[in-house]
Amino acid sequence: MLVMQTIVNGLLIGGVYALVAVGFSLVWGVANIINLTHGVFVLLGAYISFWLFQLYHIDPFLSIPFSMAVLFITGFLIQKYLLNYVVRAGVFMTLILTFGLARVFENQMIVAWTGDWRTVTTSYAGSGFVIGGVSIPYIRVAVFILALIFCICLNIFLNRTKIGMAIRALTFNVEGARIVGIDIGRIYMITFAISAAMAGAAGSLISTIYSFSPFLGTPYLSWSFVIVVLGGLGSIYGAIVGGILLGLIESFSVLTFGPGYQVAIGFVILVIFLVVRPQGLFGKKFLT
Amino acid sequence: MREKMERKKILKIVLMLLILTLLGLLPFHLSGYWVRLFIHIFMYAILAESTNMLMGFAGYVPFGNVVFFGMGAYITAILMGKGIPFFAGILIGAAICFLFTLAIGHPILKMKGHYFAIATMGVSEAMKQIVTNLDITGGGSGLSLVPLSLPSVRDVYLFFYFLMFLILAITVLVTYFISKGRLGYALRAIKANEEGAKSIGINTPFFKMIAWALSAFFTGLTGGVFAYWMTYIDSPGVFDIVIAVKFIIMILVGGAGTVFGPLLGAFFIEFISELVWSKFLIFHLTILGSIIVLVIIFMPKGFIWFYQKRFTLVALLENVREGKV
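Top line first, the protein sequences correspond to chains R and G.
Just so you know, the first sequence maps onto residues 2 to 289 in the numbering used here.
Just so you know, the second sequence maps onto residues 228 to 552 in the numbering used here.
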C-alpha cells in the first residue's frame, strides 16, 4: 500500500518536474545555452500566481496564461538584448551570464516580495479522492494533467508549425539552417521565450503544491539538469520520461532512505548516466 | 632590444617585491575590517588560482570544485575535534581531497566539456546532501571548532592573514612552475586539441588527473583554514555552488590560463563585491550580477588579455562581434 502511494506520488510530481525541465532542455538543445536563470523563471511564475491570488483572488490555475505571457516577454527580451551577444562565445559564457542574471532577479524578488516563504492555498487545496487505500489530492492530479498537456502542446508546436520546425532545424545543423534562410537570432529569441513561458507555467502550478522563497530557484535547476541528462537533450519525450522517472526515483528514495537523500540520489544517478549513457534515453549528444 | 627586455623583467620583479612588502606591512596599519577583507580576498584568490590549474590550462571547467573546499573544511573540523593539531588537520584534509580526485578522476575526466562540468557539479551537490545527513558531520546543525587562542583578537587576524597569504604565494608559485614545465605544456596541448595531444603521445588522462588533483589539494587546504577561521561550518555554507561559480568568474575575469590572472580576478570581484555590499546593501546582488553580465559580454577573456590588447575600446567591441549570433 505504501508502495502504491509512493508510485502515485512520484508519478504525479514527475509531471511537474517534466514541465520544469522541458524549457531548459529545449534552450540547451537548440541554442547551446545553459540557462541558470531557469530556476528563477519558475519562481517568477509562482510569485505571479501568488500575487494575483493575494491581490485579486484569481485562482492559480487561471493565472497560468498571465504568468506565461509575462515570462514569454521577459525571456524574449533577455535573449534579444543580452544572450544573443554571447551565444557564439561558448556555452560557459552563457552559463555565467545567466548566473549573473539570476542573481539580479533574485535580488529584485527579495525586494518585491521579501524573503518570506509563500504558497497559494485555495479552498479546495486539501481535498482529494481515495482509491484502494491510496490518497490522491485533486490538485496534484490537475497539476499533473496540465503539465503533460503543456508538454504535448509544445511537442505539437515543434513538429507541426513552421516556427517549430525552424527551431528543430537548429538542433540539427545551425549552418544549414542559416543557409536555408532561417534568422538564427530571432529563432533563439522565440525559443528562449517559449522556454521561459513553460517555466512560468510550471511555477504557477508549483505554487499550488509547494511553498517557495526567492532563493529556492536552485532545486528546480537541479531537477532540470538531472532530467536533461536522464531524458536526453532537446527531446520533449525525454523530458517527460525523465521527469516522471526522477519523480519516481525521488519518491522511492524518500521511502527507502528517508527525506534527506533525494537530491544526492538524483545527482548520483546523473553522474552514473553521464558515464554510462551521456545522451540520455532519447536525446542527442551535447554540442561540444 | 635585449636590454629593454632585461629592464622590463627587473621592473616586474621590483614591482612584485614592492607589492609583497606592502601586503606584508598592511595588516599592521589597518583596522580589523580591512584585514578581514583581505583574508577573504586571499582565500578566493587561492581558490581561483588552484582551479585555474585545471580550468585555465586544460580547458576543463570543474564546476564542482567547491566540493573540495567543503571536504577540506569538514575533515579539518572533524580531526581537530578529535584532538589532531591544526596544521596536520588541514594537510590531511588536502591530501584526502587529492586522493579523492585520483579515485573518481578516471571516469569523470573521460567526459568532455559540459559533461565534465555537470558531473563535477553532481558530485558536489550529492556530497552536500550526504554531509548534511551524516552524524559525524553534525548533520544539519553544522560543526563547531575550538577557536584559536592567542593573546589578542588582532593576533588571530594576523595569523590567518599571513597563513592565507603564504598558501596563496605557494599556489601562485606552483602555477608558475606548472606554466613553465612539462605539465603546463601537456595541459595547453589538451586545451588546444585533445585528440591531437593524444596522437603525439601525451598521456592525457594522467596529466588531467594531476592538474585536477593539485587544484583539489589547494582548494581542500583553503577549506581547512576557512573552517578554523570561522570556527563554525555547515554543509550548505561550504558546499555552496555560488562559491564555485564565483571563483570561476574570477578566473575568467582575470584571465584563464595565466599565472596572475585569477589573482587579479579575485581581487577585483571580491573588492567590488565588498564595496557594493557595504554601500548598496539592498541592491548589491543586482549590481554584482550586472557587472558579471557586462564583463561576460565585453571581456570574456579577462583582464590580462585586455592589458595585452593595450586597453582599447576596439578590443572590447571585437569581443561583442565574436560572440554575437
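The hints are simulated quantities; they were obtained by calculation from the structure and are not laboratory data.
Bear in mind the structure is a predicted one, so any value in this text is a computation, not a measurement.
Treat the hints with care, since some could be wrong.
Where chain G lies over chain R, by a calculated footprint (3+ residues, C-beta under 8 Å) [as the list claims (entries may be wrong)]: (1) 5 to 11; (2) 39 to 50; (3) 130 to 137; (4) 155 to 169.
Capping the alpha-carbon separation at 20 Å, the derived lysine to any residue pairs in SDA-like fashion look like this [unchecked claim]: (5) G:LYS339 with R:ILE273; (6) G:LYS337 with R:ILE59; (7) G:LYS528 with R:GLN280; (8) G:LYS551 with R:ILE273; (9) R:LYS81 with G:SER517; (10) R:LYS81 with G:GLY423; (11) G:LYS339 with R:GLY91; (12) R:LYS81 with G:LYS339; (13) G:LYS337 with R:GLN280; (14) G:LYS551 with R:VAL277; (15) G:LYS337 with R:VAL269; (16) G:LYS551 with R:PHE77; (17) G:LYS551 with R:LEU147; (18) G:LYS339 with G:ARG234; (19) G:LYS337 with R:ARG89; (20) G:LYS339 with R:ARG187; (21) G:LYS418 with R:ARG89; (22) R:LYS81 with G:ILE524; (23) G:LYS418 with R:ILE146; (24) G:LYS339 with R:GLN280; (25) G:LYS528 with R:LEU83; (26) R:LYS81 with G:LYS337.
Calculated Cβ distances over 10 Å to all of chain R for the following chain G residues [said to hold, decoys possible]: (27) TYR342; (28) LYS355; (29) GLY369; (30) LEU393; (31) ARG415; (32) PHE510; (33) LYS551.
Glycine included, C-beta positions come from ideal geometry on N, C-alpha and C.
Mind listing which of the numbered hints don't hold for this structure, in increasing order? 1, 2, 3, 4, 6, 7, 8, 10, 12, 14, 17, 18, 19, 20, 23, 26, 27, 28, 32 and 33
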